[in-house]
Amino acid sequence: KAGVTQTPRYLIKTRGQQVTLSCSPISGHRSVSWYQQTPGQGLQFLFEYFSETQRNKGNFPGRFSGRQFSNSRSEMNVSTLELGDSALYLCASSPRPDRVQGYTFGSGTRLTVV
Amino acid sequence: GDSVTQMEGPVTLSEEAFLTINCTYTATGYPSLFWYVQYPGEGLQLLLKATKADDKGSNKGFEATYRKETTSFHLEKGSVQVSDSAVYFCALRFYGGATNKLIFGTGTLLAVQP
Chain U
296 KAGVTQTPRY LIKTRGQQVT LSCSPISGHR SVSWYQQTPG QGLQFLFEYF SETQRNKGNF
356 PGRFSGRQFS NSRSEMNVST LELGDSALYL CASSPRPDRV QGYTFGSGTR LTVV
Chain P
137 GDSVTQMEGP VTLSEEAFLT INCTYTATGY PSLFWYVQYP GEGLQLLLKA TKADDKGSNK
197 GFEATYRKET TSFHLEKGSV QVSDSAVYFC ALRFYGGATN KLIFGTGTLL AVQP
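Line order of the protein sequences matches chains U and P.
The number in my numbering is simply the position in the first sequence, starting from 1, with 295 added.
The number in my numbering is simply the position in the second sequence, starting from 1, with 136 added.
Bear in mind the hints are in silico, worked out from the structure with no lab data behind them.
The beta-carbon is built from N, C-alpha and C at its ideal position, and this holds for glycine as well.
Where hints are given, some of them may not hold.
Stated by the list, open to error - Computed footprint of chain P on chain U, listed as stretches where at least three residues anywhere in the stretch have a Cβ under 8 Å from a Cβ of chain P:
| # | segment |
| --- | --- |
| 1 | 312 to 321 |
| 2 | 341 to 354 |
Unchecked claim - Far from chain P, by Cβ distances over 10 Å, these chain U residues were calculated:
| # | residue |
| --- | --- |
| 3 | Q301 |
| 4 | R325 |
| 5 | L338 |
| 6 | E377 |
| 7 | G401 |
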């Protein structure tokens, strides 16, 4: 069965632009979460979606937003990009948010802001 | 707040050596505990998990035991291989409610030499 698919794998953007990243969860998984990974801050939780509803949000500015579609695919958007937004953005899926098991992560989108 | 502390890396070992990566946590309650592994250029893979005190998670020769009395979840392997070289992350998660997210340690780089 296909894993979690994130597109694109790599992205270069200029400061001030906006970007949209996509995540397709494992078939049948309805919960999608996003994490930011940087050398300085490590892995930090961005948000979690379940059945098209945001259930939980991390401590990130309002420039970071997301959504989930009826087919469980999710997108995250970062507006007015800053150099500090350069990171690996990881998406993870699970059948339900309350299922006691680990997430399955995608390979990530490497965003570079110049 | 809830947090995870891992031993600093890098950890450099010879093939077939014994591995221990220390992990302790601070949490108000009884979280589920996880070890994830990240190979170069890839996302995170779930290595093992434990959901309650004294549970032992195991996979691919790796083991970790949930120790409530010492709030620890140390990762061990009896004989490491070059292919085990990666970054290892300890994480905790509560299920349900507003804190339903993974909280990660800073990661420990393991380098195994032939």
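Hint check:
With 0 residues bearing a CB less than 8 Å from a CB of chain P, the segment 312 to 321 of chain U misses the requirement of three and the coverage assertion fails. Counting residues of the segment 341 to 354 of chain U whose beta-carbon sits less than 8 Å from any beta-carbon of chain P gives 4, enough to reach three: the coverage restraint holds. Non-interface call for U:Q301 relative to chain P: violated, since the shortest CB-CB distance, roughly 8 Å, does not exceed 10 Å. Every CB of chain P is more than 10 Å from the CB of U:R325 (nearest about 14 Å), matching its label as outside the interface.
At the 10 Å boundary, the C-beta of U:L338 falls inside the reach of chain P, the nearest C-beta of that chain being 4 Å off. For U:E377, the requirement that its beta carbon stay farther than 10 Å from each beta carbon of chain P is met, with the minimum near 23 Å. Taking the minimum C-beta to C-beta distance to chain P, about 5 Å, the non-interface status of U:G401 is violated against the 10 Å cut.
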